[in-house]
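Novice: Whenever a hint applies, use it, and build me the whole structure from the sequences.
Residue numbers (the numbering used here), protein chains in the order written: chain A, 1 to 167; chain B, 168 to 755.
Hint data in this document are derived by calculation from the structure and do not stem from the laboratory.
Glycine residues also receive a C-beta, built at the ideal position from the N, C-alpha and C atoms.
One or more hints might be untrue.
[Claimed, not checked] In the DSS-like style, the derived pairs of lysine-lysine whose C-alpha atoms are separated by at most 25 Å in a straight line are:
id: 1; chain 1: A; residue 1: Lys66; chain 2: B; residue 2: Lys359
id: 2; chain 1: A; residue 1: Lys165; chain 2: B; residue 2: Lys352
id: 3; chain 1: B; residue 1: Lys374; chain 2: B; residue 2: Lys519
[Said to hold, decoys possible] In silico negatives: residues of chain B with every beta carbon more than 10 Å from chain A:
id: 4; residue: Gln283
id: 5; residue: Thr398
id: 6; residue: Asp477
id: 7; residue: Asp514
id: 8; residue: Ser539
id: 9; residue: Glu658
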Amino acid sequence: MDTSERHTMAVLVDNEVGVLARVIGLFSGRGYNIESLTVAEVDRENGVSRISIVTSGTPQIIEQIKAQLDRLVPVHRITDLTVEGPSVERELALVKVRGSGDKRVEALRIADIFRANAIDSTSKSFVFEISGATDKIDAFVELMKPLGLVEISRTGVVAIARGAKGI
Amino acid sequence: MAKRKLSGSDIIIQCLLDAGVDTVFGYPGGAVLPIYDAIFKQNRLKHVLVRQEGGAVHMAEGYARSTGKLGVVLVTSGPGATNAVTGLTDALMDSIPVLCMTGQVPTHLIGNDAFQEADTTGITRPCTKHNYLVKDVNDLARVMNEAMYVAKAGRPGPVVVDLPKDVLIEEAAYEPIKITQAKHKTYRPRIKGDKALIREAVELIAKAKKPLFYCGGGVINSGTRAHKLLTEFVRMTGDPITLTLMGLGAYPANDRQFLGMVGMHGTYESNLAMHDCDVMVNIGARFDDRVTGLLSEFSPGSKKIHVDIDPSSINKNVVVDVPIVGDCASVLADMIAVWKEIKAKRDPKAQKAWWTQIEKWRKRDCLRYVPSKKLIKPQYALERLYELTKGTDTYITTEVGQHQMWAAQFYRFDEPNRWMTSGGLGTMGYGFPAAIGVQVAHPKATVIDVAGEASFLMNIQEMSTAVQYRLPVKVFILNNQYMGMVRQWQELLYGGRYSESYTASLPDFVKLAESYGAAGLRATKPDDVDGVIKEMLSNDRFTICDIAVDQEENCFPMIPSGAPHNEMILGPEDEKERETSVEGMVLV
Chain A
1 MDTSERHTMA VLVDNEVGVL ARVIGLFSGR GYNIESLTVA EVDRENGVSR ISIVTSGTPQ
61 IIEQIKAQLD RLVPVHRITD LTVEGPSVER ELALVKVRGS GDKRVEALRI ADIFRANAID
121 STSKSFVFEI SGATDKIDAF VELMKPLGLV EISRTGVVAI ARGAKGI
Chain B
168 MAKRKLSGSD IIIQCLLDAG VDTVFGYPGG AVLPIYDAIF KQNRLKHVLV RQEGGAVHMA
228 EGYARSTGKL GVVLVTSGPG ATNAVTGLTD ALMDSIPVLC MTGQVPTHLI GNDAFQEADT
288 TGITRPCTKH NYLVKDVNDL ARVMNEAMYV AKAGRPGPVV VDLPKDVLIE EAAYEPIKIT
348 QAKHKTYRPR IKGDKALIRE AVELIAKAKK PLFYCGGGVI NSGTRAHKLL TEFVRMTGDP
408 ITLTLMGLGA YPANDRQFLG MVGMHGTYES NLAMHDCDVM VNIGARFDDR VTGLLSEFSP
468 GSKKIHVDID PSSINKNVVV DVPIVGDCAS VLADMIAVWK EIKAKRDPKA QKAWWTQIEK
528 WRKRDCLRYV PSKKLIKPQY ALERLYELTK GTDTYITTEV GQHQMWAAQF YRFDEPNRWM
588 TSGGLGTMGY GFPAAIGVQV AHPKATVIDV AGEASFLMNI QEMSTAVQYR LPVKVFILNN
648 QYMGMVRQWQ ELLYGGRYSE SYTASLPDFV KLAESYGAAG LRATKPDDVD GVIKEMLSND
708 RFTICDIAVD QEENCFPMIP SGAPHNEMIL GPEDEKERET SVEGMVLV
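Specialist: Here it is, written out as C-alpha cells:
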C-alpha cells in the first residue's frame with residue numbers, strides 16, 4: 001500500500017454563497033481528511049477567495065482530491081504547493097497563559113525566544129501572538145503547558161509558493 | 168431602444184424558450200404560483216403535470232436521455248424540492264443534464280422556518296452538479312443561462328436553481344444572453360484530448376495481441392457522432408467490444424464484434440475478455456464496482472487506456488496507464504486519424520487466436536435458461552418482446568432489479584438513446600416516469616417500461632399523468648411477486664430466508680389499468696405471451712401488461728460480490744458449493 005502524504009493546497013474560488021460548504025462537503029462526503037483549512041477573500045474587485053487546505057492521503061487519493069476540487073463549478077484554480085516547487089507555510093496562533101511568579105517570568109522568556117509578542121497582559125495572564133510553521137507553534141504550545149496554558153486560537157496554515165511567479 | 172422589463176417569472180419562461188426548451192415537468196405550489204401564472208398566460212412552453220415531484224425528475228431524465236437535450240423540472244419549495252432529491256441524485260450518478268427550478272420562500276423569510284421552507288441549496292449541494300439561490304431578480308437571466316450551460320457542458324448533470332417568491336414577482340430588464348464555454352469564468356471542461364497521449368494510446372492499441380474495447384455512457388452522452396466514430400474505429404481494428412449497462416446502444420448489439428454487457432450480470436465472454444485482455448480501451452466508462460468485481464484481481468495483465476471528460480473519473484478506482492481527458496467524440500476522431508496515419512495493422516495470427524479464445528467462451532452460451540411449457544420464464548418474455556419490436560421505433564426504460572438485468576441481457580440495442588435505466592443510483596420507480604418523459608419527447612414511438620411489480624408500485628401514481636396526456640406508454644411487468652433481486656441474494660447468501668422481500672397485497676393490475684381508462688392485459692402461461700405483446704403494441708392507449716413469471720428464476724450469469732471476473736457463476740448448477748467471503752458479504 002502507498003503511504004499517506006501530507007499536502008498543502010491553494011484553491012482559488014469565486015466568493016459566492018455556499019462555496020466553502022461545497023469544498024467541505026466534498027471532503028466529508030468522500031471521506032478525505034482535512035488537517036487545516038483557512039479561507040479569506042484575496043481579490044475583492046473580482047470576488048475571488050483563497051482557500052488553503054492541508055490534507056493527507058495516498059498519492060492516488062491526493063490526485064483524486066485535486067480532480068474533485070477542480071470540477072467544482074466555482075473553482076478557478078487549484079495548486080498543490082507541496083509538489084509544485086518550494087513554498088512557505090505560516091500559521092498564526094493566539095495563546096493565553098495564566099500564572100504568577102517564576103512561571104510568569106519563564107513564559108515571557110520563552111515567548112522572547114520564539115519571537116512571540118504579548119498583545120494583552122494582566123497581572124495574572126498574557127496573550128501571546130506567535131506566527132510560524134505549524135511545528136514551531138506546536139513546540140511553543142508544549143512549552144506553555146506547564147506554565148499555565150489556558151487556551152489557544154489558531155488560524156490554520158496559509159501558504160504561498162516561493163519565487164516571483166504567482167499561481 | 169430601452170430594454171424590456173419583465174417579471175422574474177416571465178424572465179424564466181423567456182430564458183427557457185430562448186434556450187430551445189419546449190417542455191417542463193412540474194407540480195405547482197405556493198412558492199411557484201407566479202411562474203405557474205406566467206405559464207398559464209403563454210402557449211409555447213408545454214407543462215406536464217406530474218403526480219409527485221420525484222416523478223417529474225425521472226420524466227425529465229427520460230426526456231433528456233432519449234433526445235440528448237436538457238430535461239427541465241419545476242417544483243415548489245419545501246416538500247416539492249425534497250421530493251425531487253432522489254431524482255437529482257439519480258441524474259448526478261448517471262450524468263443526465265437536468266435543470267430543476269425549485270420555489271423558495273421570499274428572501275426576507277429565508278432562515279425563519281417559514282411555511283414550506285427547506286434549505287434547498289444546502290440539501291441538494293451534494294446531489295447536484297451545481298446549484299444556485301437567486302436573491303436578486305437582476306441576476307436571474309444570467310443564473311438561468313449559466314445553470315443550463317453547466318447542466319449540459321462537460322460531464323452533464325443536474326443543476327438546481329432555487330427561486331424565492333419575491334424574485335419571481337419583481338421586475339428587471341431582460342435581454343437574451345447565452346453562456347458558452349468561452350464565456351463562463353470558471354467552468355470550462357476540456358473537450359480535446361492531449362495529442363501525445365492519444366498517439367501513445369493508439370500505438371498501444373496497434374501493438375495489442377488481446378485488445379478489448381470497454382465503453383460506457385460517456386459515448387452516449389457525447390452524442391450520436393461519438394457512437395458513429397466508435398463503431399467506425401472498432402470495426403477498423405476488428406477487435407472485440409463490451410459495453411456497460413449505461414453504454415448499451417453505443418455500439419450495435421447485433422454486430423459480431425460485440426460481446427454483450429460487462430459486469431456483475433454481464434456475459435461470460437465479456438467478463439473473461441476483461442480479465443484476460445492485454446490492452447483495455449476504456450472510452451466513457453468509469454470502472455464502477457459493478458463492472459470491476461474484486462478490484463485487486465481486476466484485469467491483472469492489461470495495459471489500460473481511459474478516455475473520460477471528467478478528470479476525477481480517471482485513476483479513481485483503477486490506476487490506468489494512458490489517461491486521456493476529453494470528449495469521447497473528439498478523442499475518437501483523433502484516434503482514428505492517428506490509426507490511419509501510422510497505417511496500423513493487426514497481426515492476423517494474434518487476432519485470430521484471441522477471437523478463437525473468445526468464441527470458446529461464447530460457446531458456453533451464458534444467457535441460456537431452462538425453458539418451460541408451464542411457467543413463463545422472464546427471459547422468454549423479454550426475448551419475445553425483443554423479437555416483436557426489433558427494427559421498430561422503440562424505446563425501452565426499466566425499473567431496478569432482476570428484470571432490469573434481464574432486459575439489459577436480452578434486449579439488443581443497435582442505436583444510442585434507446586435505453587433508459589437507472590444505472591448508478593439504482594432507483595426503483597425510475598422506469599415508469601422515465602418512460603412518460605420519453606413518450607412526451609417521442610409521441611409516435613413505442614415506449615416500453617420493462618418493470619418489476621415492486622418497482623412499478625414505487626411511482627405508480629404517475630398512471631394518472633400518462634392518462635391525462637394520452638401517452639400510450641406500455642408497462643411490461645415481469646411479475647414474480649417478489650423483490651426479485653433481493654430474493655435472489657437472500658437465496659444465495661442468506662440461506663433462503665426471504666426477509667420482507669415478498670410483495671404482498673398486490674393490486675389486480677388489469678383492473679387497476681381499467682380504472683384509469685387504460686388497457687390492462689395479462690399473461691399467465693408461455694402461450695399467452697406473444698398475443699399479449701402484439702395486443703399491447705397495437706394499442707394506442709396507456710397499457711399495463713401483467714406477465715406472471717416464474718417466481719423462483721434467478722438472474723445469471725453472475726459475478727458474486729467480492730469475486731474476480733473469472734469466478735463467474737453461470738447458472739444454478741454452479742452456485743451450490745460456493746461460499747462467499749466475509750469481504751464479499753460486506754459489498755452490496
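Novice: None of the hints should be skipped; say for each whether it holds.
Specialist: Hint check:
1. Lys66/A / Lys359/B: holds, 20 Å
2. Lys165/A / Lys352/B: The hint holds at about 22 Å.
3. Lys374/B / Lys519/B: Distance ~15 Å between Lys374/B and Lys519/B Cα, so the pair holds.
4. Gln283: holds, 21 Å
5. Thr398: Per Cβ check, Thr398/B is outside 10 Å of chain A; nearest 29 Å; holds.
6. Asp477: violated, 6 Å
7. Asp514: holds, 34 Å
8. Ser539: holds, 47 Å
9. Glu658: holds, 33 Å
Of the numbered hints stated above, the single one contradicted by the structure is hint 6.
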